[in-house]
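Peer 1: Based on the sequences and whatever the hints tell you, model everything.
The lines below spell out each chain.
2 protein chains.
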Amino acid sequence: MPHQTPVSPDPSDKKPIQIGLLGCGVVGSGTIRTLRESADAIERKLGVPLILRRVCVRDLNKPRAVELDPSLLTDRAADVLDDPEIDIVAELMGGTEPACSYILQALRSGKHVVTANKELVAKEGHQLLREAAARRLDCFFEGSVAGGIPIIRSLKVCLGANRILSVMGIVNGTTNYILTQMAETGKDFGVALAEAQAQGYAEADPTADVDAFDAVYKLAILASIAFHSRVPVDEIYREGIRGITGSDIAYARELGYVIKLLAIGRQRESGLELRVHPAMVRHSHPLAAVNDVFNAVLVNGSSVGDVMFYGRGAGSLPTGSSVAADILEVARGIRFGGSGRLSCTCFKDQRVLPAGEIESNHYVRIRTDDRPGVIAAVSTVFGRHQVSLESILQKQGNGSEAEIVWITHRTQESRIRAALDEIAALEVVREIGSWIRVEE
Amino acid sequence: MPHQTPVSPDPSDKKPIQIGLLGCGVVGSGTIRTLRESADAIERKLGVPLILRRVCVRDLNKPRAVELDPSLLTDRAADVLDDPEIDIVAELMGGTEPACSYILQALRSGKHVVTANKELVAKEGHQLLREAAARRLDCFFEGSVAGGIPIIRSLKVCLGANRILSVMGIVNGTTNYILTQMAETGKDFGVALAEAQAQGYAEADPTADVDAFDAVYKLAILASIAFHSRVPVDEIYREGIRGITGSDIAYARELGYVIKLLAIGRQRESGLELRVHPAMVRHSHPLAAVNDVFNAVLVNGSSVGDVMFYGRGAGSLPTGSSVAADILEVARGIRFGGSGRLSCTCFKDQRVLPAGEIESNHYVRIRTDDRPGVIAAVSTVFGRHQVSLESILQKQGNGSEAEIVWITHRTQESRIRAALDEIAALEVVREIGSWIRVEE
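Note that the protein sequences, when read in sequence, are chains A and B.
When the letters of the first sequence are read in order and numbered with the numbering used here, they come out as residues 1 to 440.
When the letters of the second sequence are read in order and numbered with the numbering used here, they come out as residues 1 to 440.
Since the hints were made in silico from the structure, they are not lab data.
Wrong hints could be hidden among the right ones.
Pairs count within a copy or across copies, as identical chains cannot be separated in the list.
The calculated lysine-lysine pairs, modelled on DSSO-like cross-linking and capped at a C-alpha distance of 27 Å, are [claimed, not checked]:
| no. | residue 1 | residue 2 |
| --- | --- | --- |
| 1 | K395 | K14 |
| 2 | K395 | K187 |
| 3 | K62 | K15 |
| 4 | K156 | K15 |
| 5 | K123 | K156 |
| 6 | K123 | K348 |
| 7 | K15 | K187 |
Peer 2: Put into C-alpha cells, the structure is as follows:
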C-alpha cells in the first residue's frame with residue numbers, strides 16, 4: 001500500500017465519551033431525548049457510552065422538557081468549557097454572542113463542537129471552521145439548516161463529487177405554515193400570522209421568520225457549501241411574505257401555481273445568484289406539495305440531476321435528531337480516528353450577483369382603468385424593456401377599474417424593475433398591485 | 001482531554017490516491033465522468049489528486065461511453081487486484097460471482113472497496129463488511145440502492161441517532177416508469193412494458209424489475225441498516241406488478257389513490273415486517289407524486305419523524321454520483337484518518353414476520369353475479385374473518401355480471417387470505433379480480 005494506514009486511537013480505551021451542553025431549550029431538550037432514546041444502539045455503534053456530563057442553562061429553576069439530575073445543571077458556562085472530562089460541546093443557545101466566544105473557547109481547549117445556531121454559522125462559520133481545522137477538531141452544524149433533514153452532510157459528503165448547479169429550498173417552517181393556511185382557507189396574511197402565533201408556530205415578534213432573515217441565514221450556509229465560496233449574508237437578496245395577499249394566492253391557483261417562500265442559490269457563469277423571496281411554482285413542481293411546517297431542499301448536481309430532501313425543518317425532536325447525529329459522528333471520530341477531516345471547503349472566491357442580474361419569470365398584478373387600450377399601453381412598455389410576455393389574464397372590470405395579471409418569460413430583474421417604474425407612471429394605471437417571481 | 005487525539009496520516013505524504021475499476025459499463029462510465037468533471041474540487045478537498053490507474057473490462061475492444069487511454073484498460077482482474085499502487089477498488093460489474101471473490105481479494109490485499117452491486121451487498125454484505133472491519137478498511141455501497149439518492153449514508157450517519165420505525169420506498173425505476181405510463185395513458189401492462197423496453201428503461205428480460213427481485217435486494221440492504229439486523233433476501237415477501245390492470249388503476253384513481261411498487265420495512269414489536277408489492281397510496285401521500293424513473297425513500301424515525309429522499313434511482317451519472325462520493329469519502333479516510341469506522345451495525349438478530357402477520361388495508365375487486373344479496377353474502381364472510389370494511393364501491397351491473405370493489409380497514413394478511421378463499425367459493429362470486437394492499 002502506498003499510503004500508510006492511519007494510526008487509530010487505542011481501541012482498549014473504553015472511557016465513555018462525555019458531552020457538555022450550552023443551552024437546554026427546545027433544541028437542547030430534543031437532543032437529550034434523542035440521545036437517551038437511542039443510548040443502547042449508540043453504545044453498540046461506538047463501543048463506549050456517550051455520557052451527558054454537564055448542561056449550562058440561564059435559569060437553574062426554570063421547568064424543562066426533560067428530566068435532568070440537578071447535579072448536571074449549572075449556570076456557569078465555564079463549568080462546561082473548562083471541564084477537562086468533556087470531549088464534545090454542543091452549543092444550543094442561539095444568537096451570535098456569547099455563543100461565538102464560547103465555541104472558540106471550547107475549540108481552543110481541544111473540545112469538538114456541535115451547534116445548531118444558524119445565525120452564528122451563517123455569519124461566523126468560516127472563523128469557527130478555521131479554528132477547528134487548525135486543531136484537527138470537528139465542528140458540525142447539521143441542525144442549523146432545515147431541522148431534521150440531513151442536507152449539510154448530504155451536500156458535503158454524499159453529493160461531494162458533484163458540481164452543484166443550484167439549491168432551491170423551503171427552509172422556514174413558520175412562513176410555509178402561514179402560506180399553506182392562506183392557500184387552504186383563503187385567510188389573509190395578518191389572520192394567518194395571528195393564528196400561527198396562537199399555535200406556537202410563530203414567535204411573538206415574527207420578524208426573523210416573515211421578513212426572511214432566518215431563511216437568508218440558512219441559504220448562506222447551504223450556498224457556501226454548495227458553491228465552495230463564502231457568502232456574506234447581507235449580499236443575499238431578501239424579501240419576506242408580508243406583501244402576499246389572498247388575491248395573489250387565488251390568481252396563482254387559477255394559473256396553476258402555488259406561492260412559497262423560496263431560498264434560491266444558483267451557480268451562474270458570472271457568479272452566484274442568491275435570493276430569498278416569495279415565488280410561484282407550478283403545482284407539478286417537487287416543492288409545490290411541501291406544506292405546513294415541512295421543509296424541503298431541491299439540489300441540482302452535475303451528475304445526480306435533481307435530488308430532493310424533505311422533512312420537518314424545525315422542532316425539538318427533529319432538530320435534536322440532527323444535533324445528536326452530529327454528536328455521534330464526532331464521537332466516531334474520537335473512537336475510530338478521522339476527526340477534523342470535514343472542514344471548510346470555501347476555496348473559491350465567487351462574486352454574488354447584484355439583485356438586478358437575477359433572472360426569473362415574473363407575475364405582475366396591475367390595477368388599471370377599465371377602458372380600451374390599457375393592455376396595449378402596458379404591453380408596449382414591457383416590450384420596450386425587452387420583457388417578453390407569456391400570458392395575460394384580464395378579469396371582467398367593473399366599468400371603472402380592471403385588474404390585469406401578466407406572466408413574463410425569463411428576464412433580468414433590472415429590466416422588469418425599469419418597466420414597472422414606467423408602467424406605474426402610466427395615466428391608465430392605478431397601482432402595481434403585486435409583483436412576484438415565478439420559478440421553473 | 002481524556003481521549004488521545006487520533007494520530008493522522010502523515011500530511012506531507014502528497015502521493016495521489018489511486019483507483020482501480022472492475023467493470024466499465026453504465027455505472028463505471030458514469031463514475032469516471034463524475035470524477036473527471038469534479039477533479040479540481042476533489043483535489044482541493046483532499047489535498048492530493050484522485051487518479052484512475054486501471055480499468056478491468058471483459059472486452060477490450062468494445063466501444064465505451066467514456067474516453068480512456070488504452071494503457072489503462074486490461075481484461076485481467078489481477079492487474080487491478082494485485083497492483084500495490086491501487087488504494088481503492090470500485091467493483092461495478094454486478095452479479096454475485098466473480099464480484100464477491102474479487103472484493104474479498106481486494107480487501108485481503110489491504111485495498112478499500114466501493115461497490116454498487118445490490119445483489120451482492122444484499123446477499124453477502126455481512127461477509128464483505130466483516131472482512132473490511134477486521135482490517136479497518138472501508139467498504140461502501142451507496143450506489144447499490146436508489147442510484148444517486150444518498151440513502152445509505154443518511155441512514156447510517158445522518159439519522160444514526162434515531163430509532164428507525166419504518167422505511168417505505170419506490171426503489172425500482174423501471175416499474176415506476178411502467179406504472180406511471182399505465183396511469184397516465186391508460187395502457188395495459190404488456191404495452192407499457194414493451195414501450196419501456198423500446199426506450200431502454202426495461203431490460204429484454206424484465207424479470208429482475210417487474211417481478212421485484214431488484215426491489216427486494218434494495219429493501220434487504222435498507223432494512224438491515226435501519227433495523228440493525230441481517231435480512232435474508234428470501235424472507236422478504238415479494239410480489240411484482242404483472243397482475244396490475246388498467247381497471248385497477250382506474251378504480252384507484254376514482255378512490256383517490258395511485259398504485260406504486262413499494263418496498264416496505266417496518267419495525268414491529270414482534271419482529272420485522274418486510275415486503276415488496278404493488279400498493280395503493282393516497283394522492284396526498286409523499287410517495288404518490290414520485291413518477292417515471294424517479295425513486296424516493298420515506299423514512300420514519302423516532303426523533304426526526306417523516307423524512308423523504310427523492311431523486312434519480314438509476315442511470316449512469318446518478319449512480320456514478322454515489323460511487324464517486326463513496327470513493328471521495330474513502331479517500332478522505334486515507335488522507336485524514338478514520339478508515340473503517342462505518343462498518344456493519346447488525347447487532348440485533350430480529351425475526352422476519354411471516355407474510356400472514358403483515359398488516360395493512362386492502363383493496364379487493366370481485367366479479368359477481370348481478371343480483372340482490374351479493375354484497376351481504378360477501379360482507380358476511382369478511383365479518384366472520386374479522387375483516388372490517390371501510391368502503392364498498394359497486395358499479396352498475398349489466399344484468400348478468402357486476403363488479404364490486406371493497407376497501408378494508410387495517411387487518412392481518414392471514415385473515416384477508418382466509419376470507420378471500422371462502423369468498424372465491426361463494427356461488428354468487430365469479431372471480432376475485434384483484435387484491436392490492438393499501439398503505440397509509
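Peer 1: Could you check the structure against the hints above and give me the numbers of any it violates, in ascending order?
Peer 2: Of the numbered hints, 1, 3, 7 do not hold.
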